[in-house]
Structures are given as structure tokens and as C-alpha cells.
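Construct the complete structure from the given sequences, taking the supplied hints into account.
2 protein chains.
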Amino acid sequence: MRSSQIVSRLARALAQRQGQGAQRWGEAQRNLSAAANPEPIAPQDDSLAAHKDGKVLHPDLLNENMRKTQYAVRGELYLRAEQLKQAGKEIMFTNVGNPHNLGAQPITFTRQVIALCAAPFLLQHPKVGELFPADAIARAKQLLGAFAGGIGAYQDSRGNMAVRQEVADFIKARDGFAADANHIFLTDGASVAVRMALSAMIRDSRDSVLVPIPQYPLYSASIQLYGGTLLPYELDESKNWALSIDSLRKSVASARAAGKCVRGLVFINPGNPTGQCLSYDNLRELVKFAYDEKIVLLADEVYQENIYQDERPFVSARKVMMEMGAPYSTGTELLSFHTVSKGSGGECGLRGGYIEMTNIHPGAVEEMYKIASINLSPGTVGQVAMSCMVNPPKPGSPSFEQWKKEREGELASLRRRAHMVTDGFNSLEGVTCNFTEGAMYSFPRLHLPPKAVAAAKAAGKAPDVFYCLRLLEETGISTVPGSGFGQAEGTFHLRTTILPREEKMAEFVKLFRDFHNKFMAQYK
Amino acid sequence: MRSSQIVSRLARALAQRQGQGAQRWGEAQRNLSAAANPEPIAPQDDSLAAHKDGKVLHPDLLNENMRKTQYAVRGELYLRAEQLKQAGKEIMFTNVGNPHNLGAQPITFTRQVIALCAAPFLLQHPKVGELFPADAIARAKQLLGAFAGGIGAYQDSRGNMAVRQEVADFIKARDGFAADANHIFLTDGASVAVRMALSAMIRDSRDSVLVPIPQYPLYSASIQLYGGTLLPYELDESKNWALSIDSLRKSVASARAAGKCVRGLVFINPGNPTGQCLSYDNLRELVKFAYDEKIVLLADEVYQENIYQDERPFVSARKVMMEMGAPYSTGTELLSFHTVSKGSGGECGLRGGYIEMTNIHPGAVEEMYKIASINLSPGTVGQVAMSCMVNPPKPGSPSFEQWKKEREGELASLRRRAHMVTDGFNSLEGVTCNFTEGAMYSFPRLHLPPKAVAAAKAAGKAPDVFYCLRLLEETGISTVPGSGFGQAEGTFHLRTTILPREEKMAEFVKLFRDFHNKFMAQYK
Chain L
1 MRSSQIVSRL ARALAQRQGQ GAQRWGEAQR NLSAAANPEP IAPQDDSLAA HKDGKVLHPD
61 LLNENMRKTQ YAVRGELYLR AEQLKQAGKE IMFTNVGNPH NLGAQPITFT RQVIALCAAP
121 FLLQHPKVGE LFPADAIARA KQLLGAFAGG IGAYQDSRGN MAVRQEVADF IKARDGFAAD
181 ANHIFLTDGA SVAVRMALSA MIRDSRDSVL VPIPQYPLYS ASIQLYGGTL LPYELDESKN
241 WALSIDSLRK SVASARAAGK CVRGLVFINP GNPTGQCLSY DNLRELVKFA YDEKIVLLAD
301 EVYQENIYQD ERPFVSARKV MMEMGAPYST GTELLSFHTV SKGSGGECGL RGGYIEMTNI
361 HPGAVEEMYK IASINLSPGT VGQVAMSCMV NPPKPGSPSF EQWKKEREGE LASLRRRAHM
421 VTDGFNSLEG VTCNFTEGAM YSFPRLHLPP KAVAAAKAAG KAPDVFYCLR LLEETGISTV
481 PGSGFGQAEG TFHLRTTILP REEKMAEFVK LFRDFHNKFM AQYK
Chain P
1 MRSSQIVSRL ARALAQRQGQ GAQRWGEAQR NLSAAANPEP IAPQDDSLAA HKDGKVLHPD
61 LLNENMRKTQ YAVRGELYLR AEQLKQAGKE IMFTNVGNPH NLGAQPITFT RQVIALCAAP
121 FLLQHPKVGE LFPADAIARA KQLLGAFAGG IGAYQDSRGN MAVRQEVADF IKARDGFAAD
181 ANHIFLTDGA SVAVRMALSA MIRDSRDSVL VPIPQYPLYS ASIQLYGGTL LPYELDESKN
241 WALSIDSLRK SVASARAAGK CVRGLVFINP GNPTGQCLSY DNLRELVKFA YDEKIVLLAD
301 EVYQENIYQD ERPFVSARKV MMEMGAPYST GTELLSFHTV SKGSGGECGL RGGYIEMTNI
361 HPGAVEEMYK IASINLSPGT VGQVAMSCMV NPPKPGSPSF EQWKKEREGE LASLRRRAHM
421 VTDGFNSLEG VTCNFTEGAM YSFPRLHLPP KAVAAAKAAG KAPDVFYCLR LLEETGISTV
481 PGSGFGQAEG TFHLRTTILP REEKMAEFVK LFRDFHNKFM AQYK
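Sequence lines, in order, name chains L and P. Counting from 1, position 411 in the first sequence corresponds to residue 411 in the UniProt record's numbering; the numbering is continuous, with no gaps. Counting from 1, position 406 in the second sequence corresponds to residue 406 in the UniProt record's numbering; the numbering is continuous, with no gaps.
None of these hints come from the bench; they were simulated from the model. Since no wrong hints were added, every one of them can be taken at face value.
If chains are identical, the list can't say which one is meant, so a pair holds when it fits in one copy or spans any two.
EDC-like cross-link-like pairs, simulated, lysine to aspartate or glutamate; straight-line CA separation at most 16 angstroms: (1) 68 / 366; (2) 518 / 473; (3) 518 / 474.
Right, here's the structure in full:
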């Protein structure tokens, strides 16, 4: 009999004799084991192994970076909204850019192609042509040919090559410069792509990533999770959330003075939560800055289709960089992100994103591939949706007119809604709001009266959280407080999407106005 | 003019004067900046910031844990297979459990439901009933009702509650003990779920996770990626890859003696790559061990449907634990994983998995929820597939007979193939192979002659890698060398799936035999 077995039997006998029952076996065995013979199984007697309540996976004993991570979009406000919903209250979920949840309709062509890829046996059905247009059938056949094994099979961990080539063609058509499918990885949504890049880039807490304030909390959460340092640079609310290179220089200078290594620069264009569109010249400055300072650009361009004015159309960082010529076009390291979740399709649930890597060392691309491999394959349906987004029906094809109508109708409606929301906020006492030039959000500033701030303090809440919770309780409108995104000291904001359907928008604005007026009157 | 701008202009002037062209601006500016005025932007002049070739994202400068991570399933052998495929060679991809890629067909009901959820407008079409059975239509309507906004909308970050409840009902029916949907999270494949658990559990390199050897490299890769320590425990090949508690005790004892904190114990049942099924008694020992030693059990049960013998049917760790009663049923911390990728459906590409947490501290469950939130939502189509897997057509419903035939046909065929592959390997000179009791793999041992080992050494390859590469080059059969999974010192193995279709299996076995005989003759 092995000594460990002897110890175990002794422990059991001891426990039974002491009348402690089975519950105490483990502890008794550990005590005995330590006393009698530490060699076979030494106890883990320090506080690192288990909490005094007995739990190994105690929240206090989880990964520290994980514990410290905050994620506001689904934080306190969201949880309360879910509670209220379960209790039967009608909630308007404007806390997250989730268009279909508020009634947006998918692009029909995309869904037809997905349905046929999912059920390829329909392609053999004699009546398939009565339910599906010829171009959707052709696209499904083409994709099923390219996806060895169909959508039920793992694809290459970087995504299916045929779709990656379609993405490369889309980028080339958009920018006027060829793209290389080998440097494009498809991912389960852009968030996964961003996280992959950040996790590769961050080595320890010295490594820093420049992030705009206000920012989308994916960045703050992921940088914390991977143990890096978020280096804030402030957008200028007084100049419609302009991105200033001076602000970047200041951040980098102070970080370097503090011994940090500045590795990445995130910018979101169009902005989330701020809605601004960057000008061509601003992007040039940004590229030059990144090149000069040897910082990798992370271009979050997921809202590139969502533009609500004509002065500043979307221009990709890649296009600007290529047009600048050498050394910028050849030396700036750029990671660009896009998704099927936004745009006119709004296919959030299908999880289709990509990362494009420009001027990235081939060895680093290989490392990314290795890490992507651990999850084996991105989801195939997200890839099919990506194919349909980057390669939509062409003029003259059966689905073209419907696709055009659906796409343009949604974007035109969003443009109207951007105005309705901005105008609505600016008509309120104590609220100022920059126009939503792009993306899907409005980020009004709340000039809260001192009494409201005091009431929030008394309730143990940040003033913006206090406001948003009251808004939620009284109207069912679910928003995210500005503190979740970062905001200049002493200012308060909230983020709402502009996604309520047009026919509901008047109600949304009215609900908001009535609540706000009441709130302001209460704390006058 | 800001001092940084002055520096920039000076740098440009200097670079131009020196005829270095635009390429040198950055460098010149950095030099100048450092010399003239370090305050505005100090250069990052150490080797941590950029490689001497100029790249920030140089492979040598990426996250160290990422760089150290190895992932064999898509390693050297896979890359070579892809190369050969692109060069026109026919490759039999038996390196990864990807059934549809080798011709397995999906379960029709699942795909019908997905198609209807993707294209809900079909539900209004007068001919929908001619293309889809009534129960698929009903299920799609039910799911579309439960998914607010349909499959294009983000769901709760833990997955849609209706599907989580279906999973809970499935677990209850399987185990005889109620499960709580609040402790079940849906994920984009089981790999994501496993990684989420490991990333929460591992705090630093002191934290260790017991992993069987041979193992599925998801575990070794993820533990490395999160900076933990893999603590191997050997399965006994001579006893059909039995899991011995003694081996576990030894590993834990030596780890604790070395100051490690043993937090988790991974076991794979049925085994990957080893194919063994754990007996009820073995699982009892395992639960008791984990409880006594305060170690969290990670039960990789993704092959629970894939059983090819009757002596040891699949029993979940959860069922065993619950039947053991207190304190085990109430005190053992258990994480269980399942997926739509395996079983009879084999829907690898759809990425649907779940984690079930039993006896996990509610605060830790909340932390997991927070982390899941960063990616917003698991893919909806994977969730629909999960619904169909855990809640298939019931007897009497229109799709039941077809579902039953498809499911049982595939499992019966896999059972026959398990025998064909095992028998095939055991008929070869210098190969011994345990029977595939479950899962999808065969893991034969190659008793390589000394001359083959020497030839491998001369080629700079591990002997099993050498063998598998030769096999690939000569036959197009893509396998994974045993070293990717871990194997006892001085032994050599490979992993192949048993997934070639039955009609191709004879060819597969013959190709293998001819190659092997030639190889053995060469190095006799």
C-alpha cells in the first residue's frame, strides 16, 4: 500500500472517530498528511489555494487583472435593466449598438445566402427558385464550394481564404491600393480581433496603449485584462470631439518620462461613443505621429458605413497612409478592424469581424495565426455574412435593387435619427450635445445642478450613474453613464444609441425630455 | 510654436540636408529630440520598444507567454499539408476532428431550423411547408420569439436564456439531477469556454493545472498563454490509457513540494487523443481526489455522445458527484464543457459550446459573466445549433425518424470505423494501438527502429514528427505527431481521427499500411 493511501485511510478513520463525518475528511487528511508524512501529498495550507469559506474559485482568488477589469456597457445599468425587464417592465435597450434588437431588419440577400449555406439540400429542391433569387443561390453555391465541408466544418483558423480574398478586394476597391488576403484574418466579431492584437502587443504593465477618452470600454477592459497600461488622450468636446496630436504628444511624453513603453495607439473613426469623423488631414497627422514615434496604429473603423454628414466622408487610415507614400506607406504599422455588426446590416449576433495587418512583420503575423489556431476556426456563418457585406449584389443582378433600397433606406433613416437625437438633447435645459457625424451613438453632456451631484453622492453613486439609473427606473430607457467611457474631470455624460426606430424616436425623445425636466426641477 | 514642432522641423531640415530622404525623418527627429529637449517627447531608445529592423510588432517583442505557446494540431504538419494542398496534392485531413470536412453530413433538422432562423421571411412564404417540416418551423418560431431581435441581435453575454434553459433540461435528463441555467454560459465553441475558465483560474506561474499526458493541446497552449504551469499526470498506455489517482497524487505532491499551487484538474472523457472512457468508479475516485485536495475539476466531456463500446457508457462527472452525496455533491467545484462540434452532428464550423459551473462561488460566476461581456455575445447560430442538439425532435414529431436515422447511422458507422482503424494499426509491424472506446481519435504507438530515430535526428526532427511528415508527403494523410500531445519519454505516437468515411476507410488503411511497411523496411 502506498504511503498516500495509508495517510488517506488514517485520515478517514480519524475523522470518523472524531464524529466529524465525511465533511472533514479532506481537512483531517491534510492535517495528518502534513504531520505524518509531507512527501506524498503536502497540504496547500496558504491562503492562495482556497478561501476560508472553502472555495478555490473564490472571487478574491481569481486572476488579479480579471478582477480589476471593468466593463461598463454591461455593468450596473445593464444588470438593473435586465432585472426590470424580468419583472415585466418595458425596457428600451439603447445601451448597446444592437440594431436588430430595436427592430432594424437584416439585409435580405445576406440572410438568403446564409439560409442556403445552412441548408444546402434546399439547393436540390425543385422549388428553391420560388423562394430564393438566382444570385443568392449562386453565391451560396460558390461559398459552399469554397468552404470544404460546408459551414459545419472548421475552416482555416484565419478564416476561409475565399472570403479573405473578398475582403482584400473590398479594401482595394475602397482605398485604391491592393490588399493582401494573407494579412487579413476573419474573427468572431471585431472585439475578438482587437483583443488578439492587444494580447500580442502587451508584455507587462510597462507596455502602454494610447486610448481616446472617451473610449469604447472594450479597450480599457482588454488592456487591463492583459496587464498593460491604458494611456489616455483626451478628445476635445468643445471642438466636436476633435483628436489633437498635441494631446497625443503630451500623453506619450508623460508616459515615457514615467518609464512606460508606448506600443499602440487606438483611434475610433467614426467615434464611439463620441460620433465624430476624422478628417483626411487629421488622419495624416495621426499616421505621421505613429510613424515618427514608432507606435502601432489600431484603427477601429467598424462604423465606416455609418456616416451622417457629407463634409467628412469616411476615409480609412490605410488609404491615407498609402497616399502619403514612403516612408509612411511602408513603415507605419497598422492594424485595422471591421465587422458585420454595424453598417446597414447590423448583424451583431452573427459575430463576423476581421483584422487587416499592414506593414506588420511576417513573424508577428505568424504568431497571431498560432494564437488564432487555439480556437481552431472562426464561426462560418459570420464569414458568410462578411462575404455578403464586402461583396454585395452587383447592379443588374436580381437582388441588387432590393439590397440597395434596404441599405440606403437604413442609412438615410439613421441620418435622420442622428439629427433627431442631437436636436432633442440640445433642446433640453442643461444638456449640450455634439452632432453624431457617424457611428451609432449620441454622447450628450449633462450639466447637472449641484443638488443633483449632492444627491448622487448621498446615494453613493457617481452623478452620471445616478442620473442614468433614475432615467432607467422612470422611463425604461437603458443607457450607459459617461464614466464607463471616461470623461473629463467634473463633466458628466451618458451614451445612448440612435437606434430606436424612426417611428419610436419621437416617443424616445419625449420620454427623455419629460424625465430630464422633472429631474432638473427636482434638483434646481 | 510648440517645442515639439520646432524639433520636428529641425529634424526634417537636418534629414534633407543630409540627403537621407524622408525615411530618416523619424530617426533624425528622435536623435534631435533626445539631444535638444527630452521633455516634449522623449525617445523610446531601449530595445523593448522596437526591433533594430524598425518593427514594433516584431515577433521577438511580442508577449512572452504568447511566443512560448505551442499549438500542435495546426503546427508544422498542418502547415505543410496546407502547402501541399495548394500545390495540388490531395490531402486527407485526419489531423483534426472535423467530420464535415471528410464528408459527414449535418443533422437535417438542425440545419432546417438554422435556415429558418436566418431567413425568418421564409416563415411567411406560402410554400414554406413544402420545403420545411412543421416541427422545424415551430422550433424556428420559438427561437425567434426567444431571441429578441432574432439571430442578428446580440444576446446576453452568457447566451440566450431560453437555450440555456434547454441545456439545463438536457443535463437534468442526462444526469437525473436538476441543473441551473444561471450557471450555464453558452460560448463560441467549447475552446472559448475552457480558455475563459483557465484565464480566470490562473494568477501567475505558481498556479498549476493538472493535465493528462497525452492531452489535447488546447490545455497546454492556454495554460502557457495565461502564464500558469501545466502539471502533467500520465495516463497508462499499458492499461488502455487508464487514469490513475496515484499518478495524480504524485504530480500534486511534487508540485506542492516545489511551491506550486494546484488549482485545476483537467480530464478528458472520452479521451482525446487517447479514446478511453472513464468508468464510474474511476470518476468517483477523481471526484473524491479533487474534493479532498481542494482542486477544481475541469471536465472536458465534449465527446460524450461518441461512445463505441457498451462496457463503459458515458457518465458525466456531475452525475457521479451528485450521486456521491454530500460533501462531494455540494463541495466539489466542477466546470463541465460540451459542444455542438462533436457528437453525431459534428457542427464544428458553427461554434457552439457551453460551460456548466457546479458549486462555483456566485461571485466567481459573476466575474466570468463580466469577462464574457467584453465580447458582448456568443454567436447566435451556435446557440441555435445547441438548442437543436440538446432538444432534438421528439418521438412522433415529423422530423423524429429522420433525426434518429441520421444520428444513429453516424454513430454506428463511427463505431465500425473505430474498429477498422484500431485493427488496421494493430496489424502493422511495430505498431500497437489501444481501441478507441470513445471520442474520434486513434493514438497508435510507433515502435520506430533505431535507424529511423537516427534518420530523424539527422534531419533535425523529432522521430514522430519525421514519421508523420514522411507519411504526409507520401500518402497525403495529415496527422499530428504524439509530441504535440505529450507522450512518455522514449515513446512515439501519432494521432489520427477515425473520420474518413467508411467507404474511404479501406483506402485510408491501405495507404497507411503501404507507407508504414516501406518506412519500416527502409530503416530495418
